[in-house]
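Protein chains in written order, with my numbering: chain A, 1 to 294; chain B, 1001 to 1294; chain C, 2001 to 2254; chain D, 3001 to 3254.
Calculated from the structure, these hints are not laboratory results.
Hints are supplied without guarantee of correctness; some may be wrong.
[To be verified] Cross-link-like lysine-lysine pairs, in silico, BS3-like; alpha carbons within 27 Å at most:
| # | chain 1 | residue 1 | chain 2 | residue 2 |
| --- | --- | --- | --- | --- |
| 1 | B | Lys1036 | B | Lys1086 |
| 2 | A | Lys86 | A | Lys36 |
| 3 | B | Lys1036 | B | Lys1244 |
| 4 | C | Lys2248 | A | Lys62 |
| 5 | A | Lys62 | A | Lys86 |
| 6 | B | Lys1244 | D | Lys3120 |
| 7 | B | Lys1244 | D | Lys3248 |
| 8 | D | Lys3252 | B | Lys1244 |
| 9 | A | Lys62 | A | Lys36 |
| 10 | B | Lys1062 | B | Lys1244 |
| 11 | C | Lys2120 | A | Lys244 |
| 12 | A | Lys86 | A | Lys244 |
| 13 | C | Lys2170 | A | Lys244 |
| 14 | B | Lys1086 | D | Lys3120 |
| 15 | B | Lys1062 | B | Lys1086 |
| 16 | B | Lys1086 | B | Lys1244 |
| 17 | A | Lys244 | C | Lys2248 |
| 18 | B | Lys1062 | D | Lys3120 |
| 19 | A | Lys36 | A | Lys244 |
| 20 | A | Lys86 | C | Lys2120 |
| 21 | B | Lys1062 | B | Lys1036 |
| 22 | A | Lys244 | A | Lys62 |
[Said to hold, decoys possible] Counterexamples of contact, computed for chain D against chain B with all Cβ distances above 12 Å:
| # | residue |
| --- | --- |
| 23 | Tyr3002 |
| 24 | Thr3071 |
| 25 | Lys3120 |
| 26 | Asp3155 |
| 27 | Met3207 |
[Stated by the list, open to error] Estimated spans, in silico, between C-beta atoms of each pair:
| # | chain 1 | residue 1 | chain 2 | residue 2 | range |
| --- | --- | --- | --- | --- | --- |
| 28 | C | Asp2195 | A | Leu272 | 36 to 44 Å |
| 29 | D | Glu3153 | B | Ala1250 | 48 to 56 Å |
| 30 | D | Gly3090 | C | Asp2195 | 50 to 58 Å |
| 31 | A | Arg7 | B | Glu1141 | 49 to 57 Å |
| 32 | B | Gln1133 | C | Pro2175 | 44 to 52 Å |
| 33 | B | Ala1250 | D | Thr3228 | 47 to 55 Å |
| 34 | A | Gly74 | C | Pro2246 | 20 to 28 Å |
| 35 | C | Glu2115 | B | Glu1141 | 31 to 39 Å |
| 36 | B | Gly1012 | A | Arg285 | 44 to 52 Å |
Using N, Cα and C, we set each Cβ at its ideal position, and we do this for glycine too.
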Amino acid sequence: MRDANARYVHDGDTVVIEGFTHLICFAAGHEIIRQKRRELVLCRLTPDLIVDQLIAAGCARKLVFSWAGNPGVGALHAFRRAVETKTPPLEIEEYSHFGMVARFSAGAAHLPFWPLRDYQGTDIPSVNPSIRQVTCPFTGESLAAVPALNPDVTIVHAQRADMEGNTQIWGLLGVQKEAAFASRHVIVVVEELVDTSIVRADPNRTLIPGMIVDAVVVEPWGAHPSYAQGHYDRDNEFYVAWEKISRDSAALANYLDEFVLGVEDRAAYLALQPGLTTRLAATPRVCAGVSYGY
Amino acid sequence: MRDANARYVHDGDTVVIEGFTHLICFAAGHEIIRQKRRELVLCRLTPDLIVDQLIAAGCARKLVFSWAGNPGVGALHAFRRAVETKTPPLEIEEYSHFGMVARFSAGAAHLPFWPLRDYQGTDIPSVNPSIRQVTCPFTGESLAAVPALNPDVTIVHAQRADMEGNTQIWGLLGVQKEAAFASRHVIVVVEELVDTSIVRADPNRTLIPGMIVDAVVVEPWGAHPSYAQGHYDRDNEFYVAWEKISRDSAALANYLDEFVLGVEDRAAYLALQPGLTTRLAATPRVCAGVSYGY
Amino acid sequence: MYTAEEMMTVIASRELRDGEIVFVGIGLPNLACNLARATRAPRLVLIYESGAVGALPERLPVSIGDPSLVTGSLMATGMADIFQLFLQGGRIEVGFLGGAQIDRYGNINTTVVGEYATPKVRLPGSGGAAEIAIHARRTLIISRLSTRAFPAEVDFITSPGNRSRGRSRKEWGMPGAGPVKVITDRGVLVASEFDGEMELAALYPGMTVEDVTSRVGWPLRVRDDLETVSPPSREELRLLREVLDPSKLYLKGG
Amino acid sequence: MYTAEEMMTVIASRELRDGEIVFVGIGLPNLACNLARATRAPRLVLIYESGAVGALPERLPVSIGDPSLVTGSLMATGMADIFQLFLQGGRIEVGFLGGAQIDRYGNINTTVVGEYATPKVRLPGSGGAAEIAIHARRTLIISRLSTRAFPAEVDFITSPGNRSRGRSRKEWGMPGAGPVKVITDRGVLVASEFDGEMELAALYPGMTVEDVTSRVGWPLRVRDDLETVSPPSREELRLLREVLDPSKLYLKGG
Chain A
1 MRDANARYVH
11 DGDTVVIEGF
21 THLICFAAGH
31 EIIRQKRREL
41 VLCRLTPDLI
51 VDQLIAAGCA
61 RKLVFSWAGN
71 PGVGALHAFR
81 RAVETKTPPL
91 EIEEYSHFGM
101 VARFSAGAAH
111 LPFWPLRDYQ
121 GTDIPSVNPS
131 IRQVTCPFTG
141 ESLAAVPALN
151 PDVTIVHAQR
161 ADMEGNTQIW
171 GLLGVQKEAA
181 FASRHVIVVV
191 EELVDTSIVR
201 ADPNRTLIPG
211 MIVDAVVVEP
221 WGAHPSYAQG
231 HYDRDNEFYV
241 AWEKISRDSA
251 ALANYLDEFV
261 LGVEDRAAYL
271 ALQPGLTTRL
281 AATPRVCAGV
291 SYGY
Chain B
1001 MRDANARYVH
1011 DGDTVVIEGF
1021 THLICFAAGH
1031 EIIRQKRREL
1041 VLCRLTPDLI
1051 VDQLIAAGCA
1061 RKLVFSWAGN
1071 PGVGALHAFR
1081 RAVETKTPPL
1091 EIEEYSHFGM
1101 VARFSAGAAH
1111 LPFWPLRDYQ
1121 GTDIPSVNPS
1131 IRQVTCPFTG
1141 ESLAAVPALN
1151 PDVTIVHAQR
1161 ADMEGNTQIW
1171 GLLGVQKEAA
1181 FASRHVIVVV
1191 EELVDTSIVR
1201 ADPNRTLIPG
1211 MIVDAVVVEP
1221 WGAHPSYAQG
1231 HYDRDNEFYV
1241 AWEKISRDSA
1251 ALANYLDEFV
1261 LGVEDRAAYL
1271 ALQPGLTTRL
1281 AATPRVCAGV
1291 SYGY
Chain C
2001 MYTAEEMMTV
2011 IASRELRDGE
2021 IVFVGIGLPN
2031 LACNLARATR
2041 APRLVLIYES
2051 GAVGALPERL
2061 PVSIGDPSLV
2071 TGSLMATGMA
2081 DIFQLFLQGG
2091 RIEVGFLGGA
2101 QIDRYGNINT
2111 TVVGEYATPK
2121 VRLPGSGGAA
2131 EIAIHARRTL
2141 IISRLSTRAF
2151 PAEVDFITSP
2161 GNRSRGRSRK
2171 EWGMPGAGPV
2181 KVITDRGVLV
2191 ASEFDGEMEL
2201 AALYPGMTVE
2211 DVTSRVGWPL
2221 RVRDDLETVS
2231 PPSREELRLL
2241 REVLDPSKLY
2251 LKGG
Chain D
3001 MYTAEEMMTV
3011 IASRELRDGE
3021 IVFVGIGLPN
3031 LACNLARATR
3041 APRLVLIYES
3051 GAVGALPERL
3061 PVSIGDPSLV
3071 TGSLMATGMA
3081 DIFQLFLQGG
3091 RIEVGFLGGA
3101 QIDRYGNINT
3111 TVVGEYATPK
3121 VRLPGSGGAA
3131 EIAIHARRTL
3141 IISRLSTRAF
3151 PAEVDFITSP
3161 GNRSRGRSRK
3171 EWGMPGAGPV
3181 KVITDRGVLV
3191 ASEFDGEMEL
3201 AALYPGMTVE
3211 DVTSRVGWPL
3221 RVRDDLETVS
3231 PPSREELRLL
3241 REVLDPSKLY
3251 LKGG
């Protein structure tokens, strides 16, 4: 994780750590904080706790997003402080989920824009000049359009990949495929490194092909406190606890000191929390395979 | 098959039987011929033998397509006769594959058009006024645009579905998902009807949700002479034979008389060809399952 | 006796027809759908913006992307499909919405209290709410009444209602019918067929017209045929308390 | 000795660099890729428009959608991904093309011989060829020489070459470099860096300049540094004949 981040995440970069509640790569976010990256433009549909931590650590110059809350719990208080009291200042550019999905879709398809039926009657375009209109050349209708988003680097957490970065994900798929294809560089972080034969045995599960992947990092539990279907559950207790931690900037700084800056890597982070992996380990629920014979 | 076709395929309809070399529902095409549907607008990327047969049987008024050949073999001679000598006359509207994919994508997303970087320097737009240009509202670039395709009915062949039409496909996925979502009605034809619990055990394999499906038909070997991954191989001998059959309109008529009009249903079609199912049955090659536990 | 949350959940569940396709959020809407499924709408299809279609969670999901929504669902797909094929594609029949501010036309603010550039309170933003409000064939709003939550005009329109920035939904070209009802803790507001303004159409047992109008920041119209809705049945309450949310994750009381 | 098909396959295989991502068609290009993989480019990635990425077919695929292309591949995905993410996304480094007519700029016709509305011969059409010609970073054309197949101007431009309808690729805004080489049965034409016109750059052993120019429908420019390519090596021929196409499915002889 350290080497991949050092190589592909630079000050000022546009950085995406995607995953819709599922497979959010906290391991990568923590490493960015440890490496003291600055002036990042962070793009994520749901900033979640990971971006709250990056904002509090002073890594972010700007946030591009569509829903900035603590999912199922409440608010992101570092984000709120940054926006409400400018401590630290944070530029924001906001869409709805569909707008963000469309921006990644355009970026992935190498199109300059993506058309969508959206934003009529809302005030969102009045605070975001990047939401424009495009006219259909067949019907004359006016549709919303958003510009392509092409990050410098996208970090995707996944259940498994091979050495070449051929990556398989199941459960919620979010916008990881689009974000990866839209990006100049891609880091894949996996629960499990597998032989290529495992990937080739079930090619319909491959979400990201190795040809677009720059680095593969093996980091079990790298998505905690979010979850990895088939591996571990969401740590809802921590999401609830974050409400209290993030409300108080001193408590938040203490958290970062102890669990992020105070540890060397993910293994040390886990070692600080005995019982965690037992508490959250998934109960196996294996589906049947299908035949690829002919 | 008979009831589903009678109910959802009418004279003059825009009809899609999709599947890129894989899972082409010949069972449905043959039933359309038996029911003597007329004036159909047939849309398919690769008309394949199924459309050659429908043209020869006089079912088609118009063909919307992107590659009209016998894949891996040669030409579609009924199609060629219709275009070269107007017997029977056939209106054509042609795109490239990407254009057809884009038309289905727009139809599925309920957008009036789809933008794509394509058709610069080709003569295709000069013979198809439905390929137009759209201007990007961000960069000012001019891109190609194609109109949405929203068929009256799409017929999808699949490995399995439940009674509600929740449909799982593996192997080549073609544009079946887009065609189904673009369509007013959807008929799913399956090799195997399964309990919903089978679908729910591996939800990432579901390509088409039951909510958009009007009818489910169980028709094993319904895609022959094309193939169904995990069930049976492509009947390449028949594809090669079609070159000779289709060159001669009398031979083609004889073929239709014997194997389509002369049989009552798919079971009778198979009964006419002893040894076929043994020759083409797939060797099982079952992948491992994944865990959906948490 | 029953709580306001229980009543709101029951009323919301009664709005759902069997077989409908519902775009669900976490909290009361989720519980309302489960109650509907356990009573009059066993074939309800639940879709979550996270990508789970036909979810049958074996526990109460704690977030919209809970793993229990995926396990055993009919389809798990990417968000591009959810927004393009299901929502924009016109496949969603009912959407649930809520928000910090709701105005007379059902416009909803989940973005900021105060000015956008210098907000008093920064809220999470749209998420999928803007497009749910635009595309779902009809939406149901669930919110407790208070003059703060029901101003005459919201500070920011995140999700458009029946009339926004001076234009009707038809004039904006929005496909869905918009918010047809606002389910509150004291009664139900229903959109006028003429101008889309929310009108008090039904009271909960024991509530008065003033209990509602005094908590709304505009002169609330009251329908002539004002109804009183029937309270939760014993069976509805039993299901909620003993089967659907025994640990009171959502139904915290009050 | 060796056949023209064997020579064309060998020359095509030598054009591929290890690790490149190749959009493959059935027939000689498929065989050329397999030969490259068995010799100097073991890490070549084969993509088929049907949706198979990183295919490793255990038999010679009889069509572009052969099931053997899927079994054991790295990824099997929908065609929207193939055309939008891989091809339009700029991920394809080499595309193979062929056609009934090829002109001096490498424009290709696979649509009609004669007039479009009243064709002498109706051909299959574009398939994915138009967008491969536009987006692949470079394309290789494989075709036997004949004046019928190499007219000065094609009847219909299905796939644009280095200059079409009076404009260069740059003027058209096409991302890819276009057809860099035409691999024929007698020699190799290479696109001029100045104007994109195909020039005779290399002859096969035993062939003369006239063997090529007499079979091309325009005054073919011949490069000063005309080369003679080395014939298939014993190892290349052994692989083709004994390992890659022992049943002569593609290499029918002649």
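Hints and how they fare:
Restraint check for Lys1036/B and Lys1086/B: satisfied, since their Cα atoms lie roughly 20 Å apart, inside the 27 Å limit. Taken as a hint, the Lys86/A and Lys36/A pair is honoured in the structure, with Cα atoms around 20 Å apart against an allowance of 27 Å. Of the pairs offered as hints, the one joining Lys1036/B and Lys1244/B holds, with about 25 Å between alpha carbons and a cut-off of 27 Å not exceeded. Pair hint Lys2248/C plus Lys62/A does not hold up; C-alpha atoms about 39 Å apart against a cutoff of 27 Å.
Pair hint Lys62/A plus Lys86/A holds up; C-alpha atoms about 12 Å apart against a cutoff of 27 Å. Of the pairs offered as hints, the one joining Lys1244/B and Lys3120/D holds, with about 20 Å between alpha carbons and a cut-off of 27 Å not exceeded. Taken as a hint, the Lys1244/B and Lys3248/D pair is honoured in the structure, with Cα atoms around 21 Å apart against an allowance of 27 Å. Proposed proximity of Lys3252/D and Lys1244/B is supported: the alpha carbons are some 19 Å apart, at most 27 Å.
Of the pairs offered as hints, the one joining Lys62/A and Lys36/A holds, with about 16 Å between alpha carbons and a cut-off of 27 Å not exceeded. Between Lys1062/B and Lys1244/B, the direct Cα distance comes to roughly 24 Å. Compliance with the 27 Å bound is thereby established for this hinted pair. With a C-alpha separation of about 20 Å, the suggested pair Lys2120/C and Lys244/A falls inside the 27 Å cut-off, and the hint holds. Our distance criterion of 27 Å between C-alpha atoms is met by Lys86/A and Lys244/A, whose separation comes to about 20 Å.
For the hint linking Lys2170/C to Lys244/A, the alpha-carbon distance of about 45 Å lies beyond 27 Å, and the restraint is violated. A C-alpha spacing of about 12 Å is found between Lys1086/B and Lys3120/D, which places the hinted pair at or below 27 Å, so the restraint holds. Taking the CA atoms of Lys1062/B and Lys1086/B, the gap is near 12 Å; set against the 27 Å cutoff, the hint holds. A threshold of 27 Å between alpha carbons decides the hint, and for Lys1086/B with Lys1244/B the separation of about 20 Å falls inside it, so the pair holds.
Of the pairs offered as hints, the one joining Lys244/A and Lys2248/C holds, with about 21 Å between alpha carbons and a cut-off of 27 Å not exceeded. Taking the CA atoms of Lys1062/B and Lys3120/D, the gap is near 20 Å; set against the 27 Å cutoff, the hint holds. Taken as a hint, the Lys36/A and Lys244/A pair is honoured in the structure, with Cα atoms around 25 Å apart against an allowance of 27 Å. A threshold of 27 Å between alpha carbons decides the hint, and for Lys86/A with Lys2120/C the separation of about 12 Å falls inside it, so the pair holds.
For the proposed pair Lys1062/B and Lys1036/B, the alpha carbon gap of about 16 Å is at most 27 Å, so the pair holds. Restraint check: the Cα-Cα separation between Lys244/A and Lys62/A comes to about 24 Å, which is no more than 27 Å; the hinted pair holds. The claim that Tyr3002/D lies off the interface holds: its Cβ sits roughly 24 Å from the closest Cβ of chain B, which is beyond the 12 Å cut-off. Not every Cβ of chain B is farther than 12 Å from the Cβ of Thr3071/D; the closest lies at roughly 6 Å, contradicting the non-interface assignment.
With a least beta-carbon separation of about 8 Å from chain B, Lys3120/D fails to lie farther than 12 Å from that chain, contradicting its non-interface assignment. With a least beta-carbon separation of about 9 Å from chain B, Asp3155/D fails to lie farther than 12 Å from that chain, contradicting its non-interface assignment. No beta-carbon of chain B comes within 12 Å of the beta-carbon of Met3207/D; the shortest separation is about 29 Å. Distance hint check for Asp2195/C and Leu272/A: the Cβ-Cβ separation is about 60 Å, which falls outside the suggested range of 36 to 44 Å.
For the pair Glu3153/D and Ala1250/B, the supplied restraint of 48 to 56 Å is violated, since their beta-carbon distance comes to about 38 Å. As the Cβ distance of Gly3090/D to Asp2195/C is approximately 51 Å, the hint placing it in 50 to 58 Å holds. Distance hint check: the CB atoms of Arg7/A and Glu1141/B are about 33 Å apart, inconsistent with the given range 49 to 57 Å. About 27 Å separates the C-beta atoms of Gln1133/B and Pro2175/C, a value inconsistent with the hinted range of 44 to 52 Å.
The hinted window of 47 to 55 Å between Ala1250/B and Thr3228/D holds, with their beta carbons roughly 52 Å apart. For the hinted restraint 20 to 28 Å between Gly74/A and Pro2246/C, the CB-CB distance of approximately 23 Å keeps it satisfied. For Glu2115/C and Glu1141/B, the Cβ-Cβ distance of about 36 Å falls inside the hinted range of 31 to 39 Å, so the restraint holds. Checked against the hint of 44 to 52 Å, the pair Gly1012/B and Arg285/A passes, with Cβ atoms roughly 49 Å apart.
Consistency note: the structure conflicts with the earlier hints numbered 4, 13, 24, 25, 26, 28, 29, 31, 32.
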